[in-house]
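Here is how the chains run, residue by residue.
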Amino acid sequence: MTKETAASSAQMRKGVLELCILRVLRQGEAYTSDIVGALQAVDLLVVEGTIYPLLTRMKNAETLTYRWAESPSGPPRKYYSMTPQGERVLEALEASWDQFVDSVNSLSNPTPG
Amino acid sequence: MVETRNISLGGLLFHVELPAYSRLQRYLSDLKDVLRGVEGEADILQEVEYRLAELFTTFMGANRTVVTLDDVEKARGQLGEPIEFGDPEAPSEDPSKGSRSEGPSQSQRLRRRLFRDPDDRFLGGVAAGLAHRFGIDAVIVRVILVALLFGAGPVLLLMYLLLWALVPKARTASDRLAMKGDPVTVDGIRNSVEEQLKKAQDQFDDPEIKGRLKSGWHRFISERLPQFIKAVAKVLGWLIIIAVVIMLLALGGLILSALFTGYWSWTF
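Same order as they appear, the protein sequences are chains V and U.
Per the numbering used here, the very first residue in the first sequence carries number 1; after that it's consecutive.
Per the numbering used here, the very first residue in the second sequence carries number 1001; after that it's consecutive.
One chain only, chain U, in its complex shape (with noise of 0.2 angstroms):
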């Protein structure tokens, strides 16, 4: 048994499964993205909703009265991926349009953003939420994080604690999707609202997990400590902002004067 969504293709009614439903979407979506801006893009996006009607039409013929994944995954190799529809003798307008004929993946690729990242954290998941932003492993930062805290541990510490207080905690499945650079699809977030609830069964069901949540001192650490020196460090946001940059200013000149010299000072 299959759940349908009802839509109105070309004037037309159609029961849609809800897999196709889904797939449907995607495709239409994505071809949105890719004709945005393009000459008539309302025309041609109307002519291939009627284009599809006619053909889910003719898929289903006179015994079927559902559109299946199937008829969608056909009438998406008969149509072409959304890709094939930019039309290369328009004149090209921007060079940043240009990127259209780089791939989907790219042009649905969205610029990602900075958040902290509560699912793989250590402390307070900066480090996770900055390796996301650059799309780089969290082991690497927090390796170089470590490797500097020797040389500018003052400024690291304060650095981390700045950008704990300031940036936003992924809160919401958009956020998540947001900071990992996914495009926030209902697909994207049902996939992401599938992996925590993956995750909370895994954690339950993890002995270790079990212990640790019973014990105390490990609850202090991971949720009173920060939350206390997250309002701390909120409380001195602006005097922590000046002696940042300071600091930064100071730790400039001893790079610099290290690259000059070839001296490195391991105190700070």
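Isolated chain V (complex conformation) (with noise of 0.2 angstroms):
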């Protein structure tokens, strides 16, 4: 991959990561390293550094909420989760992806006629 199109990418990455993060909680809470990890086992998220600002957005807009709780061994951790206003964030994010990839796949197919 050259550098452009990697920066590209890059973009777009970060531009479907609220989506995820949101897929991510969808399936129950989770504590950031979770959720970190889970991004980066399917190479949506390449350093945690582009996360954090991310996830405090999300909570300070009331679409996450978070907990602290003990961990067995080092510092508390916080565990986040969907708020109701999260869910409905989540159904529009979906819908506007769904759009998008139709979008972007029509230009590759174009319908005969």
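Just so you know, these hints were derived from the structure itself, not from any lab.
Computed from a predicted model, the values in this text were never measured in an experiment.
Each residue gets a CB set at the ideal place from its N, CA and C atoms; glycine is no exception.
Mixed in with the good hints, there may be bad ones.
Only some residues are given here: those of chain V computed to face chain U with a beta carbon under 7 angstroms [claimed, not checked]:
| id | residue |
| --- | --- |
| 1 | 47 |
| 2 | 48 |
| 3 | 49 |
| 4 | 50 |
| 5 | 52 |
| 6 | 56 |
| 7 | 65 |
| 8 | 67 |
| 9 | 69 |
| 10 | 73 |
| 11 | 74 |
| 12 | 75 |
Derived lysine-lysine pairs resembling DSBU-like cross-links, with alpha carbons at most 35 angstroms apart [to be verified]:
| id | chain 1 | residue 1 | chain 2 | residue 2 |
| --- | --- | --- | --- | --- |
| 13 | U | 1032 | U | 1198 |
| 14 | U | 1032 | V | 78 |
| 15 | V | 59 | U | 1180 |
| 16 | V | 3 | U | 1032 |
| 17 | V | 59 | U | 1074 |
| 18 | V | 78 | U | 1074 |
| 19 | V | 3 | U | 1180 |
| 20 | U | 1032 | V | 14 |
What follows is a list of derived Cβ distance ranges for each label pair [as the list claims (entries may be wrong)]:
| id | chain 1 | residue 1 | chain 2 | residue 2 | range |
| --- | --- | --- | --- | --- | --- |
| 21 | U | 1059 | V | 79 | 33 to 39 angstroms |
| 22 | U | 1157 | V | 3 | 48 to 54 angstroms |
| 23 | V | 7 | U | 1070 | 27 to 33 angstroms |
| 24 | U | 1002 | V | 101 | 50 to 56 angstroms |
Please assemble the complex out of the two chains, which come individually in their own frames, going by the hints.
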């Protein structure tokens, strides 16, 4: 991948990160490392740094909420979960994601006629 | 044997080796710079501190009790460079913050301040100071000064003396850093101090310098004379300012007329 396409892909990944975080949290609450791990496992996240500002912003928008929990080793952990508001946001983002994919695909597969 | 510092990170106590400590400190202060003004800045920093605490705990396991430079670098690799923390989705506020995405070197580089450089001086360090301020080689400034000397000797001489008198000398390590546009951090100051020590040592070892130190006339030229001129220049400060303004206007007129007539008068 050239430098430019790498930058574009990074931008794309960042664009869908919010949707991806919500998809991860739909399966239940998760602490930061879980979210990071889930996203890194499918190559949606390269470094963790990208995610922290986003989590904070989503928390301030009341899409997410969190609770502190003790950890068996190390510092206490912040467990994030989706709010009802978050569910609505997820729904809206899913819709625009579907539409986005359809739009992009329609360009490479023009309908005959 | 390595000295350590005790730090509290995410509510836990860590013993951190000194090199690791300064690396970590730089990382966090860079991060703070990148996040300045970003929504939820404090929350993000807190989250990062907790994450660092967790990573260090994991890296050290049960056998180690001290955080090393390796641990810090590993954590840094995992978290990403401070610049990665910029939130591209955030509504972009004022355009001045747009530079965040252009790389850390640019945002970390401070506006250079004008000082006289005592480390690289020919007379008073004015040329070197100007060179640092504008990020060019001092030789260029000196060549320009000497070249202009033929055309506008008195003005240049007065301007030089004026700058000598008015521009502060870089005395402290942080002055030197500000002069060269390096951020004032513990590391930066340490580098600067090390540079000074090395320079002092080199000078001491240099036989030519030893000879120069002994020669009285050079002392006179390099210390007494400038001091005297500086004192005079200070006393006459305002007179000189007025004179320089007038002469600069004259010089401007001269250049303009030279441009329009194609004739350059070498006499002033």
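Hint by hint, here is what the structure shows:
no.: 1; hint: 47; in the structure: holds (3 angstroms)
no.: 2; hint: 48; in the structure: holds (5 angstroms)
no.: 3; hint: 49; in the structure: holds (3 angstroms)
no.: 4; hint: 50; in the structure: holds (6 angstroms)
no.: 5; hint: 52; in the structure: holds (5 angstroms)
no.: 6; hint: 56; in the structure: holds (4 angstroms)
no.: 7; hint: 65; in the structure: violated (13 angstroms)
no.: 8; hint: 67; in the structure: violated (14 angstroms)
no.: 9; hint: 69; in the structure: violated (12 angstroms)
no.: 10; hint: 73; in the structure: holds (6 angstroms)
no.: 11; hint: 74; in the structure: holds (4 angstroms)
no.: 12; hint: 75; in the structure: holds (4 angstroms)
no.: 13; hint: U:1032 x U:1198; in the structure: holds (32 angstroms)
no.: 14; hint: U:1032 x V:78; in the structure: holds (21 angstroms)
no.: 15; hint: V:59 x U:1180; in the structure: violated (41 angstroms)
no.: 16; hint: V:3 x U:1032; in the structure: holds (28 angstroms)
no.: 17; hint: V:59 x U:1074; in the structure: holds (28 angstroms)
no.: 18; hint: V:78 x U:1074; in the structure: holds (22 angstroms)
no.: 19; hint: V:3 x U:1180; in the structure: holds (32 angstroms)
no.: 20; hint: U:1032 x V:14; in the structure: holds (21 angstroms)
no.: 21; hint: U:1059 x V:79: 33 to 39 angstroms; in the structure: violated (23 angstroms)
no.: 22; hint: U:1157 x V:3: 48 to 54 angstroms; in the structure: holds (51 angstroms)
no.: 23; hint: V:7 x U:1070: 27 to 33 angstroms; in the structure: holds (30 angstroms)
no.: 24; hint: U:1002 x V:101: 50 to 56 angstroms; in the structure: holds (54 angstroms)
Hint compliance for this structure: hints 7, 8, 9, 15, 21 are not met, and every other hint is.
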